[in-house]
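Chain by chain, the residues:
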Amino acid sequence: DAKTTQPPSMDCAEGRAANLPCNHSTISGNEYVYWYRQIHSQGPQYIIHGLKNNETNEMASLIITEDRKSSTLILPHATLRDTAVYYCIVRASNTGNQFYFGTGTSLTVIP
Amino acid sequence: SQTIHQWPATLVQPVGSPLSLECTVEGTSNPNLYWYRQAAGRGLQLLFYSVGIGQISSEVPQNLSASRPQDRQFILSSKKLLLSDSGFYLCAWTEGGGVSPLHFGNGTRLTVT
Chain G
1 DAKTTQPPSM DCAEGRAANL PCNHSTISGN EYVYWYRQIH SQGPQYIIHG LKNNETNEMA
61 SLIITEDRKS STLILPHATL RDTAVYYCIV RASNTGNQFY FGTGTSLTVI P
Chain A
1001 SQTIHQWPAT LVQPVGSPLS LECTVEGTSN PNLYWYRQAA GRGLQLLFYS VGIGQISSEV
1061 PQNLSASRPQ DRQFILSSKK LLLSDSGFYL CAWTEGGGVS PLHFGNGTRL TVT
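First to last, the sequence lines map onto chains G and A.
1 is the number of the first residue of the first sequence in this note's numbering; add one for each residue after it.
1001 is the number of the first residue of the second sequence in this note's numbering; add one for each residue after it.
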């Protein structure tokens, strides 16, 4: 079962930063936070993951609060191609632990 | 680099017919393999996962089964399809153990008529 809570939808103006929140208040010490996105009719695409430190890659930044109970995915300069459903997942590193997807946030980037 | 292949891309099958969807991964050894299903407008539901040849775990009791005859091959099957089996089926893989992310194939859109 999904252990995260995300807003069902968000809008963002093209060129502005998109900040997608995720609540994972019951996260355990060995659970990582992963973010994926799914463009319509395609398989989900991995974006970024982290444990407790903030992470950045060529796609996005991940900000995890100090208590690790929530995180924010930041797309620094949203484009129309960033319109997608974004999923936040928590998963422990132990073998046998699975990736459970919730319903995600539908992000619409507006021209 | 690793790649995942899933076929066919689309499939239309009558109720009561059998199903076989295949997924293969290249460029890695002993991956964990997964089958997910996504009903129209819904989230992803984990159906099966496998940590090795012949090892299958089922998440949801249903009309489907999975098999892993080779290290990098994962097959989703049904003997008799139901209308409710319609959906978007996704195969995925990750490195066995550790924190490596899940990587998905392009999916198969199945319509049962």
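A couple of the hints might just be wrong.
As the list claims (entries may be wrong) - Where chain A lies over chain G, by a calculated footprint (3+ residues, C-beta under 8 Å):
#1 36–49
#2 101–109
As the list claims (entries may be wrong) - Looking from chain A toward chain G, a few residues come up when the C-beta cut is under 7 Å (computed):
#3 1044
#4 1047
#5 1101
#6 1105
#7 1107
I should point out that these hints are in silico values taken from the structure, not numbers from a laboratory.
Backbone N, C-alpha and C define an ideal beta-carbon position, used for all residues, glycine too.
Here is what the structure says about each hint:
no.: 1; hint: 36–49; verdict: holds (count 8)
no.: 2; hint: 101–109; verdict: holds (count 4)
no.: 3; hint: 1044; verdict: holds, 4 Å
no.: 4; hint: 1047; verdict: violated, 11 Å
no.: 5; hint: 1101; verdict: holds, 4 Å
no.: 6; hint: 1105; verdict: holds, 6 Å
no.: 7; hint: 1107; verdict: holds, 5 Å
In summary, the structure is inconsistent with hint 4 from the numbered list given earlier, while agreeing with all the others.
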